[in-house]
Amino acid sequence: MKVVVCVKQIPDPNTTGQLDPTTHLLKREGVEVVLDPGDEFGVEAGLQLVEAQGGEVTVVSMGPDRGIDAVRKALAMGAAKGVLISDDALRGSDALTTARVLAAAIRREGFDLVITATESTDGYTGVVPQMIAELLDVPAVTFAKTVEVDGTTLKVKRQTEAGYDLVEAGLPAIVSVTAGVNEPRYPSLKGIMGAKSKPLDRITCGDLGLDGAGGGTAGQSITGVEPAPQRTAGSIVKDDGEGYKRIADFLAEKKVI
Amino acid sequence: MPLGKIWVFAEIAGGKPAPVALELLTKARSLAGTVEAVAFAPDAAEAATELGAHGATTLYAGTDPVWGEVLLGGPAADALAALIGEHKPDLVLFGMTYDSRDVAGRLAAKLGVPVIANGIDVSDGDGVSVHSSAFGATLNVATRFEGEAPALAIIRPKSFVAEPSGGGAAAVTQVTSPMDEKHKAARVTDRVADVAAGPKLEEAPIVISGGRGLGDPKNFELLDQLAAVLGNAAVGASRAVVDAGWVPYAMQVGQTGKTVKPAVYLAFGISGAMQHTVGMKGAKAIVAVNRDENAPIFKLADLGVVGDALKVLPALVEELQKRRS
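First to last, the protein sequences are chains A and B.
Residue numbering for the first sequence is 1 to 257, as defined by this note's numbering.
Residue numbering for the second sequence is 258 to 582, as defined by this note's numbering.
Please keep in mind that the hints were generated in silico from the structure rather than gathered at the bench.
Treat the hints with care, as some may be off.
[As the list claims (entries may be wrong)] Listed next, the in silico DSBU-like pairs over lysine-lysine satisfying Cα-Cα at most 35 Å (straight line):
#, chain 1, residue 1, chain 2, residue 2
1, A, LYS155, B, LYS556
2, A, LYS254, B, LYS475
3, A, LYS81, B, LYS441
4, B, LYS439, A, LYS2
5, A, LYS2, B, LYS441
6, B, LYS273, A, LYS145
7, A, LYS245, B, LYS475
8, B, LYS541, A, LYS245
9, B, LYS556, A, LYS255
10, B, LYS345, B, LYS441
11, A, LYS238, B, LYS541
12, A, LYS155, B, LYS439
13, A, LYS255, B, LYS457
14, B, LYS568, A, LYS155
15, B, LYS367, A, LYS255
16, B, LYS579, A, LYS238
Generate coordinates for the entire structure from the input sequences, incorporating the hints supplied.
Right, here's the structure in full:
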């Protein structure tokens, strides 16, 4: 089975992201970057499938040159091959441009199953997997809590507002996995050393036949960025053994008891 | 682009529209002269009365039984694209829910137009703008649509308050175009509900949530006890403990979970990661109990107690029982 996993390098999610006030693009300078923690679940899901059923995991990523580190981490976890699409023209791309580039790269690799996270931890639009699916003309089984492949049938427990749906779809397909779907492995020292000799393609839009894919925010422009109104902090007290009374009084004051 | 016509994509369950559809219709009424709804479900037509009462004059409804058996994203995007070509709405609004995100994403790719997600408001001035929250709701970003119609926007639930318009039932226009066979290969074979007792998380006037600081899944019982003594409370959770498998996903409050706006939100052992606060910072009042005095949740709290949730909880339950009797 040929599994392609999409990954993204993002600013460390433990820091608060910021937008450049003039370009309205994400500030990347001077910020620690990591493989999106959500993507580690996708890589792990792909590795588990090919370990059980044979095949290979290819990792595809779009981003600046230093995004190579995210791809290397996935290779160190056990993916067989990496592809990084890096092109100045893609700076500031929106979800649809991102999906077009990733779909072209995935098509070039060939696939039975594409795995993504449900959304990136920095941008969290949560629509790129569905867009890739539409462009590749395959089903998108999103928000998966579990992923199984039985022959050519994908079986997924899919999150819903109320609980979950059992969903079946024929391969090829895309599945987006939720955090918690598995326990991502840490790269071993052997994995990290081995990753250095694994094939890693660095390509541009031109290599994908997507010249002119740049300026990837057609049809929309950011017209304003401002701090969201923040709540003002109230009173903070140390629990001296009577903190519970403060809470009970507060609930009474708010007339909910 | 002047806003002549806005469509709201409505998810239907058991003949009832999702609450976010009514919220979006209410907002749409203030922006455009014509407001219509679109829904695909075997019992979609039953929702015409409620959708109409919130401002939809027409409901385009696909009611073939097959709509109840397939993944909505692919076929709904196909059907919507065809309807949009025929009726030309200026703006289509979707709720930020699982199925609607699928439909909106696929539709955007199909039409080659942008879709703005995480919206919390929509305005029409010099073109349609969607106001969305970024970086855990620390920033509000305004994005204006500048291309060909339709503009597509995905709006977080509870961004608007649903208010009836006094209108009658929406006129139902059946959508009869047959579903492409390829979509029937992605099927929903069963629907499972994680049933919770008491009021629904999104509707409860009091929400009590627990996080890692509770130490052990069994300590969620303390939250259940507090909910029981309060009577009108629902229990929620942070993503960390949902991911760890302590409680079902249906209890998650936050960016990838539910958005709640209760009268009072009580957070026990929750640090206040942005992932979580996006879903609860709209509460009218917030109480937080956490051992770490530097926990970011205290920046939001109207009342913060620095202490051990496991000590405070049983004492609070006892105190409330005492005051009740």
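Comparing the hints with the structure gives:
{"no.": "1", "hint": "LYS155/A to LYS556/B", "result": "violated, 43 Å"}
{"no.": "2", "hint": "LYS254/A to LYS475/B", "result": "holds, 29 Å"}
{"no.": "3", "hint": "LYS81/A to LYS441/B", "result": "holds, 33 Å"}
{"no.": "4", "hint": "LYS439/B to LYS2/A", "result": "holds, 21 Å"}
{"no.": "5", "hint": "LYS2/A to LYS441/B", "result": "holds, 24 Å"}
{"no.": "6", "hint": "LYS273/B to LYS145/A", "result": "holds, 26 Å"}
{"no.": "7", "hint": "LYS245/A to LYS475/B", "result": "holds, 24 Å"}
{"no.": "8", "hint": "LYS541/B to LYS245/A", "result": "holds, 20 Å"}
{"no.": "9", "hint": "LYS556/B to LYS255/A", "result": "holds, 23 Å"}
{"no.": "10", "hint": "LYS345/B to LYS441/B", "result": "holds, 27 Å"}
{"no.": "11", "hint": "LYS238/A to LYS541/B", "result": "holds, 23 Å"}
{"no.": "12", "hint": "LYS155/A to LYS439/B", "result": "holds, 17 Å"}
{"no.": "13", "hint": "LYS255/A to LYS457/B", "result": "holds, 20 Å"}
{"no.": "14", "hint": "LYS568/B to LYS155/A", "result": "violated, 44 Å"}
{"no.": "15", "hint": "LYS367/B to LYS255/A", "result": "violated, 51 Å"}
{"no.": "16", "hint": "LYS579/B to LYS238/A", "result": "holds, 23 Å"}
Hint violations for this structure: numbers 1, 14, 15, all remaining hints satisfied.
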